[in-house]
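Q: Sequence:
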Amino acid sequence: MTSNDINDMMLYGERINIEYKEATNELPKSVWETYSSFANTIGGTIILGIKERRNHTIEQGRFEVTGVNDTDKILKSFWDTINSDKVSRNILMEDNVECIDYNGKNIIAIHVPMANYTMRPIYINKNLIGGSYKRNFEGDYHCTDEEVKSMLRDANENGNDGTLVENYDLNDIDMPTLHAYRNRFEVRNVDHAFNQLDDKEFLRNMGGYVFDRNTHREGLTVAGLMMFGKGLPVRDRFDNIRMDYIDKTNLETDSRWSDRLTYDGTWENNLFNFFMRVIAKLTQDLKRPFKLEGMERIDDTPIHKAVREALTNMIIHADLLITGVLKIEKYEKEFLFSNPGSLKLPMEDIMHGGNSKARNPRIQNMLRMIGYGENIGSGYPTILKTWKEQNWRKPILIDRTELRQVDLTLPMVSLLPASTLAEMKAYYGEETYNSFTANEQQVMAYVWNGDSVSNMELQQMLGMNSLEIGKLLHNMVDKNLLNQESKNRWTTYTINKEITPENGCEVKSEVKSEVKSEVKSEVKSEVKSEVKNQTETLTNSEKEVLSLIKQNTQITYEQIGKSLSLGVTTIYKIVKCLKKKELIHRVGSSAHGYWVVNNSEISEK
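In full-length UniProt numbering, the protein residues as written are 1 to 605.
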C-alpha cells in the first residue's frame, strides 16, 4: 500500500471493512476485538496511526494522521500477542501486515482475511461466547450465543443434516413422498443397486436414516425428516423453519400476491414436496424457444437450468437449525431466493466456483441423484454465465448477517433498459446524460425507479473492488446524482431527483413537456406546489396516491399510475412530494419493500 491508497481509504472506504486506530506509542487493546470481528465476518483492514472522529465529516476533520512512533515495538507487541492465548487462532501471515510512509509518518496496515469456515469463530480472552465478535457497519459487536453455535456447526466438514433426530423413525416418513422420489431416482439411475433396497435401507444409504453403533440408537437424520417427513412431524421438530413461495406477478390492484405455497394443510410440508411444487411454478412462465436436437424438441433452456440451480442452492446451503424462512418470491422481472444462514465461503470463491461447501450435503446428494445441482461447486458460476449471455443485470448475492439470511436476486432486465434510458435522457438532457461515464449510467439505471444499492452489490454488478466502487459513488454523490444513507452494514445509495434546494418537488425543465403530455394541467400544478410541512393541505393528486398507498402498502408506481391514468414519471414526483411532507416513507426496495404511512390520522382534506 502507498500513501495514496491510505488517502483513498479515508475518502472512499466503507466503514464495515476498515477500522482506524490511534496507536502513537502503544498497541490499542481494542485491536483484538476488531481482529475477531473481521475474521468472523468478511475480513477487513485495521489501520494503526490514524485517529478517527466518527461524529465528524471529512470536511470537519474526521481523520487525523498521528502516526506510529515506534513501529518495531508495536509490531513486536502485535505478533507476540496474536501468537499467544489472547486469541483463539492466528490466521495472519507476515504479508498481511505492512508499514507505510505517509508524509513522513509511519502507518501500520493489518489486512485480516475472512477466516476459513473450519476455523470460525475466532475469539479472544479464552472466552468462546463472550470473546467472539462480528462486524456491523462501523463497529465490533458481540456475537450472540446462537451465532457462535452456528459457526461451530459450520466448522464440521460433515455438514449439518446428518445428525440423528431422536424419537423420529419411519413412522414419521410420508411414504407417498418417499416413493415419488424413488420413482424419479429409478428413472434417472436405472441399474443402480439402491433400487433393490427396502425403504429403510434406501434411506440409510442416502443419508436419511442412521444407526449409531456407539449408543445403539437409530432413526431419521435431519436430511431424512426434512426431505421426506410427514408435515406434522416436520413442523413439530423444525418449528423454527418455514417454507414459503410467493408469486407477485400479474397482481390485481388490491392483491399482495397472485399465487402462494405455504403451510396450509393441503400438502405434506417436506422439502421434496416443496422443491417439486416450486420448480414447476417458477419456470412455467419462462419462454421456451423452439429448438430441435435431432428429431426431438428441446424445451429446457439455460435460464430454466439456472433458476433450478438457484432453488437447489437455496436449500442445500440453508441453516435448518436456526429460525428463518426458505422463501422464494417471483416478480415480473426478477426472482428472489432467501435462506436462513450466512455464506460459508468468501464471495470471490463462490463466484469462481469449484468449491462447494453445502451445509446439507446429504440433501445435496439426494437432489443431485435426481438431476438437480449435478456439477458440485459450479452452481453460481453457471447462473452468472447464463445471465451474462442474456445481457441481463448481474445476479446479486447478499449475506445479510444482521438478519442471519442470504438473499440471491436474479433480475431479468437488461443492463440499460430502453424505457429507463429514455427517461434518464429526457430528465437530464441528452448532452448531460452522455457526459456521464458508463459506470455512472449503469448505477443510475439500477436505482432510477426507487431501488437502493450498496457498495457490495455494485462490486458484483461492475466487477470492481470496494475502494473503486467507493470512489465512483463518492463522485456521484458530489455531483448530486445520488443520495447516500448510512445504516445497517453498508451505506446505501438512491437516485437524487431533488431538483432545487427550495423545492424538491419541482419538475426539471427538460421533462416538463413530457409531464404535460401525461398529466392534466391541474395535476401538474399540484405536483409542482411547494412543500412546507405535513399538515399542509394535500392536493387532489396527493390525496389519491396517499389513499391507494393506505389501501395497499405494497402497491407499485406502475399500479398507482394505472389506477389514476397517470404516467410513472408523474407518480414518482407525487410520491416525492408526499415523502418531502413526511407523510410516507419506504422500507426496502421498490421490488421487495413496502410503504409506511407515518401518521394514519393525518388529514387528507
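Careful: at least some of the hints might be erroneous.
Claimed, not checked - Cβ pair distances, simulated, as ranges:
no. : residue 1 : residue 2 : range
1   : SER77     : ASP244    : 44 to 54 Å
2   : MET276    : ASP191    : 43 to 53 Å
3   : THR24     : PRO381    : 21 to 31 Å
4   : THR2      : ASN125    : 47 to 57 Å
5   : HIS216    : LYS76     : 54 to 64 Å
6   : ARG277    : SER30     : 43 to 53 Å
7   : GLU252    : ASN355    : 22 to 32 Å
8   : LYS385    : ASP244    : 44 to 54 Å
9   : TYR594    : ASN158    : 49 to 59 Å
10  : GLY371    : LYS479    : 25 to 35 Å
Rather than coming from a laboratory, the hints here were simulated on the basis of the structure. Glycine included, C-beta positions come from ideal geometry on N, C-alpha and C.
Q: Would you mind marking each hint as holding or not holding in the structure?
A: Now for the hints, and whether the structure bears them out:
no.	hint	verdict
1	SER77 / ASP244: 44 to 54 Å	holds, 52 Å
2	MET276 / ASP191: 43 to 53 Å	violated, 24 Å
3	THR24 / PRO381: 21 to 31 Å	violated, 47 Å
4	THR2 / ASN125: 47 to 57 Å	violated, 35 Å
5	HIS216 / LYS76: 54 to 64 Å	holds, 55 Å
6	ARG277 / SER30: 43 to 53 Å	holds, 51 Å
7	GLU252 / ASN355: 22 to 32 Å	violated, 45 Å
8	LYS385 / ASP244: 44 to 54 Å	violated, 29 Å
9	TYR594 / ASN158: 49 to 59 Å	violated, 41 Å
10	GLY371 / LYS479: 25 to 35 Å	violated, 50 Å
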